[in-house]
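So the chains spell out like this:
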Amino acid sequence: MSILGEAAAALLWLATVGIMVVKTPRSVTTFYRLQALAGAGIAVVLAVHGHRTLLWVTVGLTVIVRMALIPEIVRRGLITSRGVYSAKTPIGAGGLLMYVLVLSAAGILLGRMGMPNPTLAGLVFAAMFVSCLQLSARYEVWSMLWALLSLDTIVDVGVVMFGRAIPASVDVGFYAVSVSLALVLALVAHRIQEVHSTLDVRNLEELIG
Amino acid sequence: MSAALWILPLGLIICAVASLVLPHRSSVGLRRFAIVFLAAALTTQIARIWHGFDPLSGWYFVTVAVLSIFALWYSGPYIAREAQQHQWSTRRCQSYDALLFVFIASLLAIALWTNLLWLWVAMEAATFSSVVLAALPNTTASIEAAWKYVIVTETGAMFALLGTVLALTAVGSPLFAWHALPAHLLLTTARQHWALIGAYFALVGYGAKAGLAPFHTWLPDAHSEAPAPVSGLLSAIKLAGAVVIVYRLFRILTPVVPALYLQDALIGLGLLSLLIAASSLAFQRDLKRFWAYSSIEHIGIISLGVGFGGIALIGAALHIWTHAISKTLLFHNAGTVRLLYHTSDSQYGARAILHRTPWTGALLALGSAAIVGLPPFAPFWSEWLVLAGGFHQVGDRVFVAIAAALLVVIFVAIARRVPTWLFSAGPVGMPPSAPAISEPVALILPSVALAVLVVIGGIALPLVAHPLWQHLVHQLGSVYL
Numbered sequence: 001m002s003i004l005g006e007a008a009a010a011l012l013w014l015a016t017v018g019i020m021v022v023k024t025p026r027s028v029t030t031f032y033r034l035q036a037l038a039g040a041g042i043a044v045v046l047a048v049h050g051h052r053t054l055l056w057v058t059v060g061l062t063v064i065v066r067m068a069l070i071p072e073i074v075r076r077g078l079i080t081s082r083g084v085y086s087a088k089t090p091i092g093a094g095g096l097l098m099y100v101l102v103l104s105a106a107g108i109l110l111g112r113m114g115m116p117n118p119t120l121a122g123l124v125f126a127a128m129f130v131s132c133l134q135l136s137a138r139y140e141v142w143s144m145l146w147a148l149l150s151l152d153t154i155v156d157v158g159v160v161m162f163g164r165a166i167p168a169s170v171d172v173g174f175y176a177v178s179v180s181l182a183l184v185l186a187l188v189a190h191r192i193q194e195v196h197s198t199l200d201v202r203n204l205e206e207l208i209g
Numbered sequence: 210m211s212a213a214l215w216i217l218p219l220g221l222i223i224c225a226v227a228s229l230v231l232p233h234r235s236s237v238g239l240r241r242f243a244i245v246f247l248a249a250a251l252t253t254q255i256a257r258i259w260h261g262f263d264p265l266s267g268w269y270f271v272t273v274a275v276l277s278i279f280a281l282w283y284s285g286p287y288i289a290r291e292a293q294q295h296q297w298s299t300r301r302c303q304s305y306d307a308l309l310f311v312f313i314a315s316l317l318a319i320a321l322w323t324n325l326l327w328l329w330v331a332m333e334a335a336t337f338s339s340v341v342l343a344a345l346p347n348t349t350a351s352i353e354a355a356w357k358y359v360i361v362t363e364t365g366a367m368f369a370l371l372g373t374v375l376a377l378t379a380v381g382s383p384l385f386a387w388h389a390l391p392a393h394l395l396l397t398t399a400r401q402h403w404a405l406i407g408a409y410f411a412l413v414g415y416g417a418k419a420g421l422a423p424f425h426t427w428l429p430d431a432h433s434e435a436p437a438p439v440s441g442l443l444s445a446i447k448l449a450g451a452v453v454i455v456y457r458l459f460r461i462l463t464p465v466v467p468a469l470y471l472q473d474a475l476i477g478l479g480l481l482s483l484l485i486a487a488s489s490l491a492f493q494r495d496l497k498r499f500w501a502y503s504s505i506e507h508i509g510i511i512s513l514g515v516g517f518g519g520i521a522l523i524g525a526a527l528h529i530w531t532h533a534i535s536k537t538l539l540f541h542n543a544g545t546v547r548l549l550y551h552t553s554d555s556q557y558g559a560r561a562i563l564h565r566t567p568w569t570g571a572l573l574a575l576g577s578a579a580i581v582g583l584p585p586f587a588p589f590w591s592e593w594l595v596l597a598g599g600f601h602q603v604g605d606r607v608f609v610a611i612a613a614a615l616l617v618v619i620f621v622a623i624a625r626r627v628p629t630w631l632f633s634a635g636p637v638g639m640p641p642s643a644p645a646i647s648e649p650v651a652l653i654l655p656s657v658a659l660a661v662l663v664v665i666g667g668i669a670l671p672l673v674a675h676p677l678w679q680h681l682v683h684q685l686g687s688v689y690l
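Going down the list, the sequences are from chains D and S.
Heads up: the first sequence runs through residues 1 to 209, numbered per our numbering.
Heads up: the second sequence runs through residues 210 to 690, numbered per our numbering.
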């Protein structure tokens, strides 16, 4: 895999960390778009190097849905939730970054367990773990939604990358299903906003059900 | 067989589209058509005119078809009354019908399809239709429940997809044969590691879909806020469907991945689920939430059965059915309680149910006796098979002892809590002998039919579906993951 693929994977990881630690709505949207751009970059590399021309459809879907549609829906739908988004946990941003470091190391190590492209695989795993941390550490609608959308992007990149035994047509089909689900998720969040100005489920009783 | 794979889900998707396009007055006709359609599929399957991919697939299909018929039947009177009480618009009623058809279609697909990628798509369709169904009452609580449901289970979906692709790519299985391994496959150690990592990812993902602890946090909210027929299908069928998918994946992987790791993971999650249920059931005041925690217990039992293997696996397959009929009865019953008492919370008026609504109370008592595993109800036999199968494995005896102890705690919790709804004096502020409430026949009749099935059909089903059951026992009796 070319250096371009590894650079795209590094950008994917950086954008995921960015989504986790940034505080302003504008920057989180930008980081999500950067993450989608990195995903599209990996798809381009796979399309060119693997001679899988159908993957250009994946690139197109990424640009239209992930970079344009989803950030716009979330931006409009959750406009009043923006204020609650920040690293408000007791441990603060420094603590979060330490967790990010440990999880990223774990992801990179995992990638070295016999994968054909260890650096690339390791960075994708690292990004996935960081996204999972954001999902479990934050309970505001705004950050959880971005975390899930971000995880969705990373997993799709992983599936396109690892599932090379899959014919490209099926790969694209699954990517399309997954992107549609992300779109539905953004729309559900929009709907939630109509009944809640915010939805903070951090209180213990709610978490344990 | 291959036609049935598509015809059955497609038939219900057509019903879904029709319910959105046709005027609302045609909804009764559409529901009846779907019931006849499912009954015909069921009859032809039992008559062996067509058959599923394997006996487990056939067995699960029977469960899906029977319980879906009851859900469609009960939905008619339930939604009519719900719409009347909470001013549902015609459009919302139509959306309910359409989404219910899609939900049932996706459950049928889980029963019939075998390719693990298509199974993932079917599970996603089931999740999204049920998320929107859970949010349909449009209350703050229901929207919040739908949000939690979608967040937790979608995270699971990502893990499940990545895990499935990783594991199957590692073993080099070609896409359209992703229900079997190439013969005489030998893997390098690195590829074995990847197959195992993929299997664990998939277990976490589908474990979240199944509501296995510790990924269960969405389940009590979603089950308690969704309309009762949907809660029934969610608990009875969808949860077990996720475990069936995990079983299919693990069966493909076990020739090349150490089976013990996979078995232990399933047993660990099963025991943890029993522990969560045992520690939570005694403190629930809402009837629907109470049965939601009980679902965590039963999905734990199914997971234990699959983990133990052999006789316990047969017990798990039987438990899918026995839990499904008993729990559907209880969720429909809880829905009736909520409609008649305007709450299912024992603190806010759902009390003295046996006195005020004798039919509803009697059905609650009967369903509770069945679900705790009292003999001669069918769940007793399936739970017994799971525990006996586990005890058969010398290495698993400690786990069986822990599971049995937790089941006793759960039994005590249910036996202690259910009388609060059944017998406690009337609501606070009302005289001890609160007035009786009229029970509409249309609401009670589907539950009475289910109760008959719980009493008789639960035990007799293996006899009714004799060849299918024999085939299942023959195939699974010697299977250890």
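These aren't lab readings, by the way, just hints derived from the structure by calculation.
For glycine and all other residues, C-beta sits at the position ideal for the given N, C-alpha and C.
Do not rely on the hints blindly, as some may be mistaken.
Partial pick of chain D residues on the chain S-facing surface, computed with a CB cut under 7 Å [as the list claims (entries may be wrong)]: (1) L34; (2) L37; (3) I108; (4) L109.
Listing some non-contacts, in silico: residues in chain S with all C-beta distances to chain D over 10 Å [stated by the list, open to error]: (5) I278; (6) W297; (7) V330; (8) E333; (9) A344; (10) A355; (11) W356; (12) V359; (13) T364; (14) A366; (15) T378; (16) T463; (17) G519; (18) V603.
Evaluation of the provided hints:
1. Evaluation of the D/L34 hint against chain S yields a violated restraint, the C-beta minimum of about 20 Å exceeding 7 Å.
2. Given hint, D/L37 at the interface with chain S, is violated; its Cβ is 20 Å from that chain's nearest Cβ, farther than 7 Å.
3. A hinted interface residue such as D/I108 counts as satisfied when its beta carbon comes closer than 7 Å to some beta carbon of chain S; here the least separation is about 14 Å, so the hint is violated.
4. Against a cut-off of 7 Å between C-beta atoms, the interface hint on D/L109 is violated, since the closest Cβ of chain S lies about 12 Å away.
5. No Cβ of chain D approaches the Cβ of S/I278 within 10 Å, the least distance being about 29 Å, so the stated non-interface status holds.
6. Taking the minimum C-beta to C-beta distance to chain D, about 16 Å, the non-interface status of S/W297 holds against the 10 Å cut.
7. Once the 10 Å rule is applied to beta carbons, S/V330 is inconsistent with being away from chain D; the minimum gap is 6 Å.
8. Not every beta carbon of chain D lies more than 10 Å from that of S/E333, the smallest distance being close to 6 Å; the non-interface claim is violated.
9. The non-interface label for S/A344 is inconsistent with chain D: the shortest C-beta to C-beta separation is roughly 7 Å, within 10 Å.
10. Distance check for S/A355 against chain D: the nearest CB is about 7 Å away, which does not clear 10 Å, and the non-interface claim fails.
11. Distance to chain D contradicts S/W356 as a non-interface residue, since its nearest Cβ pair spans about 5 Å, not more than 10 Å.
12. At the 10 Å boundary, the C-beta of S/V359 falls inside the reach of chain D, the nearest C-beta of that chain being 6 Å off.
13. Chain D draws S/T364 into its interface by the beta-carbon criterion, the shortest separation being 6 Å against a cut-off of 10 Å.
14. For S/A366, the shortest C-beta to C-beta distance to chain D comes to about 8 Å, within the 10 Å cut-off, and the non-interface label is violated.
15. At the 10 Å boundary, the C-beta of S/T378 falls inside the reach of chain D, the nearest C-beta of that chain being 5 Å off.
16. With a least beta-carbon separation of about 20 Å from chain D, S/T463 lies farther than 10 Å from that chain, consistent with its non-interface assignment.
17. Every beta carbon of chain D lies more than 10 Å from that of S/G519, the smallest distance being close to 32 Å; the non-interface claim holds.
18. Look at S/V603: its CB is around 33 Å from the nearest CB on chain D, clear of 10 Å, so calling it non-interface holds up.
Violated hints, in rising order: 1, 2, 3, 4, 7, 8, 9, 10, 11, 12, 13, 14 and 15; the structure is consistent with all others.
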